[in-house]
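Note that the protein sequences, when read in sequence, are chains A, B, C and D. To convert, note that position 12 of the first sequence is 12 in my numbering; the numbers rise steadily by one, no gaps. To convert, note that position 136 of the second sequence is 536 in my numbering; the numbers rise steadily by one, no gaps. To convert, note that position 184 of the third sequence is 847 in my numbering; the numbers rise steadily by one, no gaps. To convert, note that position 208 of the fourth sequence is 1166 in my numbering; the numbers rise steadily by one, no gaps.
Incorrect hints may have been included.
Unchecked claim - If you want the ones that stay clear, here's a sample from chain D, every Cβ over 12 Å from chain C, calculated:
| no. | residue |
| --- | --- |
| 1 | Arg978 |
| 2 | Leu981 |
| 3 | Gln1034 |
| 4 | Leu1053 |
| 5 | His1077 |
| 6 | Gly1080 |
| 7 | Ile1102 |
| 8 | Gly1138 |
| 9 | Asn1147 |
| 10 | Phe1230 |
| 11 | Phe1290 |
| 12 | Phe1300 |
| 13 | Arg1302 |
| 14 | Asp1314 |
| 15 | Ile1320 |
As the list claims (entries may be wrong) - Here are the computed lysine-lysine pairs in the BS3-like style, where the Cα-Cα straight-line distance is at most 30 Å:
| no. | chain 1 | residue 1 | chain 2 | residue 2 |
| --- | --- | --- | --- | --- |
| 16 | B | Lys499 | D | Lys1262 |
| 17 | A | Lys91 | A | Lys392 |
| 18 | C | Lys744 | B | Lys499 |
| 19 | B | Lys516 | D | Lys1325 |
| 20 | C | Lys837 | B | Lys499 |
| 21 | C | Lys903 | C | Lys744 |
| 22 | B | Lys531 | D | Lys1110 |
| 23 | D | Lys1309 | C | Lys837 |
Hints in this document: simulated from the structure, not taken from any laboratory. Positions of the beta carbon are idealized from the N, C-alpha and C atoms, including for glycine.
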Amino acid sequence: MKKTLTLVMALLLTLALVLTGCGGNANGGATPEPVTPTDSGTDPAPVETGDDDVIKVGIFEPLTGANAAGGQMELEGIKVAHSLVGEVLGKKIVLVEMDNKSDDVEAVTAAERLVNSEKVDIVVGSWGSSVCIAAGDTFMNAKVPAIGTSCTNPLVTLDNPYYFRVCYLDDFQGTLLANFAKQEGYKTAAVITDVSDTYAIGLKKYFVDAFGAENIVAEAQFNKGDQDFTAQITSVMAANPEVIFAPSGYAEAGLMMKQAADLGYNILFLGADTWETEVMFEVGGVATENCRFTTFFDADAAPTPESTQFLTAYEAMFGGKPKGAVTALGYDAYMVAIAAIEKAGTTDGEALQKALTELDVTGVTGRCVFDENGDAVKNQAIIKTVQDGGFKYISTVVVD
Amino acid sequence: MSVLKTEGATMRFGGVTAVDNLNIHIENNEIVAIIGPNGAGKTTAFNMITGVYKPTSGQVLYQKPNSGNAAMENITGKRPDLIAGLGIARTFQNIRLFKEQSVLDNVLIANHVRLKNGFFSAMLHWPFYYKSEREMRERSMVLLESVGLADHANELATSLPYGLQRRLEIARALATQPQLLLLDEPAAGMNPKETEDLTQFVAQIRDDFQLTVLLIEHHMQIVMDISDRIYVLDYGKTIAHGSPAEIQGNPDVITAYLGVEEE
Amino acid sequence: MALFWQNVANGLTVGSLYALVAIGYTMVYGILRLINFAHGDIFMMAMYFAFFAISIFYIPWYIAIILVLVATMLLGMLIEKTAYAPIRNAPRISLLISSIGVSYLLENLATVLFTGVPRQFPSIGSLQNSLVIGGVTIQQLAIYTPVVMLILVALLLTLINKTKTGMAMRAVSKDFETAKLMGVNINRTISSTFAIGSMLAAVGAIMWGQKYPQIQPYIGVMPGLKCFIAAVIGGIGNIKGAVVGGLLLGMLEIMIVYAQPGLSGYKDAFAFVALILVLLIRPTGLFGEKVTDKV
Amino acid sequence: MEKNKTRFRGIASGLTKNKRRNLLLSMIAIIALTVFLHFTEQGATVGSYEVRVLNLCAVYAVLALSMNLINGFTGQFSLGTAGFMAIGAYTTSLLIMPVSVKAKVFYLEPIVPWLENVHWEGNFGLFGALLVAGLITAVAAFIIGFPVLRLKGDYLAIATLGFSEIIRIVFTNTQSVTNGSTGIKSIPNTANIWWTFGVMAFFVVFMLRLMKTSYGRAFKCIRDDEVAAESMGISLFKHKMLSFVISGFMAGVGGGLMASVLGAITPLLFRFILAYDILLIVVLGGMGSITGSIVGAFLITTAKEWLRWLDAGFNIGPIKVPQIAGLRMVVFSALLMLVILFYRRGLFGNKEFSWDGMFRLIKNAPKRVAAWFKPKPKGGGAK
């Protein structure tokens, strides 16, 4: 056993050295890849090299790790879109999946690999902001535009002309939720925030700004991975808020609502787009029926030509309805990417970037125009709730 | 002049009194033995003297080398490394060499306590550091030479035969430049020939290094041959004290110890 | 005042869950002197077993619980046989690394086998219903958990003090080599220790899942660490200590947030701070026995 | 190939017989590495993806050395590396970030005034920042060391892990200093391949020297037998602390380099799981081997990238294995288990590389390979 292992290790060592040390050879080292390696020259410029007859779209998503659920849903949307539009500029489109593992270090290497080894022409993704923030510079330096799907943090596109996104931002969402709460007649609110989640603290800030800091009667925090919120709930409920705003991940949201109900509190929970996964009501059970959250898209909202096309194609490919709005965002991001290539007429990074800034398309999640930061100027959000073990559409809020 | 003195040193573990009211004194350049059946508290006594255990009550007094007629210092419960620094070195009953290191390194490290240059001068390889490192090596080689281990200097300590490991442990203790050497059953597991060599060796290092030796031993041969005085412990209590001849004739000792163990 | 008692109730609920899981930790440590870093992950696997048994195969919960206990027990024994037994005589540090390795492997394996998507833990009976007593809301679970815990503690103490296996366990914990010489079957004793430890983890997992019905591959990490801390606070190796340690830790976490809501963001750090304080002030914990190194 | 040889040249000295040959070989290796680094920096050898992997290899090597010093050489099982890295990474980032970028990145809550206008530019800036990062981390290690170094074995492991988590939780909550969970982005990528390999080379030389001094020997003695070491006059606490503080310094510098290489950090990056990754490197390479840590770091880091095909689905002969996300990490954790169970001493044990050792190995290789395959003549070729 020992000997065999020694042998395995020796082989591993040799392989690793081949990869790192002998990089001086012509072909960039032996990096076995799922997709045939492109015939790269010594020039690392991201201009079309190698195969002229395919266009490569990189998928930068968390397929494993904490956010795998979100990543997988978006991947479905991208695949649906790809099944509809598989060709642009007369060339076949190839999807290159790259797992960023929901991990910032992995994300950067994954991004490097997409732009430098796979030489993709444009990138779609990701679910979650921190991986996008980490990888953003890589895409920018390589001049490969990236279309963010559901990365809602302002920092993603900040100072990065090559990062765009089809979702709305935390400020839009936070403000919208605050306005919704006010419209519904709520005067006081408590906030329970996941301090270890950048998305949550962003939302909290904009919600508090819009709702009025003086109307926030209590605040509490927790950390990702926490399972017990009874202390936080009990402490904020002592201030008698009319509604609790709880920007957090879906699993935490489910647990929190369940525990609030177990403690005998009957209070409305407000949240945002991350809540829209089945896990939320699976974990939280009936307690989650007392919630409202914003999202990007809903199959039950008034149909548009785009959404009908999307839903039909989804049904054909995966059966049923999409599990979450982010699937629609994945779809839209891909469509935006293809539209940009079409408009630019080339896959040159700079031309694509320019094309994206001028783009005006209507997707499943509404009209999509990019502002000077590269953020989609969205005008609609959807409010949903949970009912009878499923999500239920409540209303579409259009902001102008 | 006493080098070491214990005054009513007592060690209790929970309900068990391992050493009860130990009063010993060791004069300069003497070889003193502590004997007694297994579990009599001999090693515990060593551990109290070297600071591994802090006595439950009583104290340990020690006369530092070259301190003239100054009063003895109370070293009760001091940290073992500080006690080693004061000039008390020891060996262990169940050999505790640094297993992963060479014979030479084992001895070299014992010089560390006398090292005068600081960490930064060592890292920056200042001339002073080279000098002290060279001196250390020379001293250690001389020491290995004197215990007959020079040929094994670069071998792994644990690769030595048992008898030589015992010697190496003594050499290591000597490298700390002690005034008082504590040997914990140095002849354990040795054959008669090795035992005889060891007897001579202990007597010889006492003379060569101007040492005072405190010894725990089961081997009556050694004890009777080289000890100036003997303390006998049984169940933690000192039951007899005197010259080898006196001890041999002491009826208490014979019943408690010699009568039990055939040696 | 009701608020205060509500927090006390919350603290006791959390604390008794901590205590329940801490018993398993402390038992394995008490006998083998090994911190089983994988304990939290065995806990996680038990939750998945329960999920598959009840939610996927629709086995009635009272049968499923037995299956889960047996499966977790087998898993624990398998881990012991493959990862700990071969290096039993190696330095302790190797055992520790091995247990970290097992923990890491189980987490990654679970990610591959069950995906990272969180699942819902099936609810059992009426445990989730709440009672209101004098303005304080208590889940039935909060009443059952201490009961289950006390029964387990009683069983465990009987096992250890009254049975032959228990005697062998105590012998092994005192001195490995001597126990072997005295004819104790070391392999079987250690195996049964792990089996029981894992079973305790499974019981803990089922009760935990009632309160926090969420399963994902990393779910065992935090409970694992916190219950370990609870065991250390009580004096690791001491079963009563684990119970007290768990209750104390649970109360501490809840009461600090109650007294200082501004500190709620630091809640996870409380346990670690408590751990370090205990190790500083009383390294053997509240009930731990003093261990002297043999020289 | 040449890189791995160079790093251990120090060990070759002192051998009279083959001294000249060894010196020559070492010099060739150093020159070859320098030339390679030069062209790599120019972008002539490998693409930027490979450069990033190389950078990470070197950073992980520094971190592995840090962990190996305290765990492998001093025998104190500390799992606090991730926390120390966090301190180093945040210190470095906050010092080298341009003022304007800071204002933008701290968009939720403005940065504290005393950090607002700090900007240490360029290579000198990075040097100063890494130094300060190392020192602050060393001070943190010193403070943490006081309570935890009184503990041993598993208790020490848990206590250091606890401190690591406390550091991370504090960083998550101190929004106006660390920007909380949003993390910091647009950290200047000043640390190029010269920096990473330079720092690594510096620490390799540092460790080689340290281990040759009396202090290094004292560390190893503490690892082998604490009681004996103490009886030989070695102050356990002082030396453990020294080792812990140096280890902290290295982890801080390593974290700082990592921040500059990655360009963006968040507190979640520094979960204690990160320490497991480094532990894997140290164990695989060999606890107590400098060579081992370096080889381990390069091996694991490149293999982690190389094994991406495991996640993507592959074919074993006619059987098609579908895409299994996460399989790669299973392989890695299984590897850690296999190493610890069957190959406990790792690749190098506590030995170091030497030219003589290598020549001996090459000379004996045919015999050893033959011996391997004797019972099973049907084996694959191993070069």
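Hint-by-hint comparison with the structure:
1. Arg978: 40 Å, holds
2. Leu981: 37 Å, holds
3. Gln1034: 10 Å, violated
4. Leu1053: D/Leu1053 clear of chain C: closest Cβ-Cβ about 26 Å, beyond 12 Å.
5. His1077: For D/His1077, whose nearest Cβ neighbour in chain C is about 29 Å away, the distance exceeds 12 Å, so it holds.
6. Gly1080: With a cut-off of 12 Å, D/Gly1080 remains clear of chain C, as the shortest Cβ separation is near 36 Å.
7. Ile1102: 9 Å, violated
8. Gly1138: Since the minimum Cβ distance to chain C is about 9 Å, D/Gly1138 lies within 12 Å and the statement is violated.
9. Asn1147: Answer for D/Asn1147: holds, closest chain C Cβ roughly 31 Å.
10. Phe1230: 9 Å, violated
11. Phe1290: 7 Å, violated
12. Phe1300: Given a closest Cβ separation of 8 Å, the condition is violated.
13. Arg1302: Per Cβ check, D/Arg1302 is inside 12 Å of chain C; nearest 6 Å; violated.
14. Asp1314: The claim stands: D/Asp1314 keeps its Cβ more than 12 Å from every Cβ of chain C (closest is about 29 Å).
15. Ile1320: Fine: 31 Å to the nearest Cβ keeps D/Ile1320 off the interface.
16. B/Lys499 with D/Lys1262: Violated: B/Lys499 and D/Lys1262 sit about 35 Å apart, past 30 Å.
17. A/Lys91 with A/Lys392: Measuring from Cα to Cα gives roughly 41 Å; hence the hint is violated.
18. C/Lys744 with B/Lys499: 29 Å, holds
19. B/Lys516 with D/Lys1325: 49 Å, violated
20. C/Lys837 with B/Lys499: 26 Å, holds
21. C/Lys903 with C/Lys744: 28 Å, holds
22. B/Lys531 with D/Lys1110: 36 Å, violated
23. D/Lys1309 with C/Lys837: Between D/Lys1309 and C/Lys837 the Cα gap is close to 36 Å, so the pair fails against 30 Å, i.e. violated.
Hint violations for this structure: numbers 3, 7, 8, 10, 11, 12, 13, 16, 17, 19, 22 and 23, all remaining hints satisfied.
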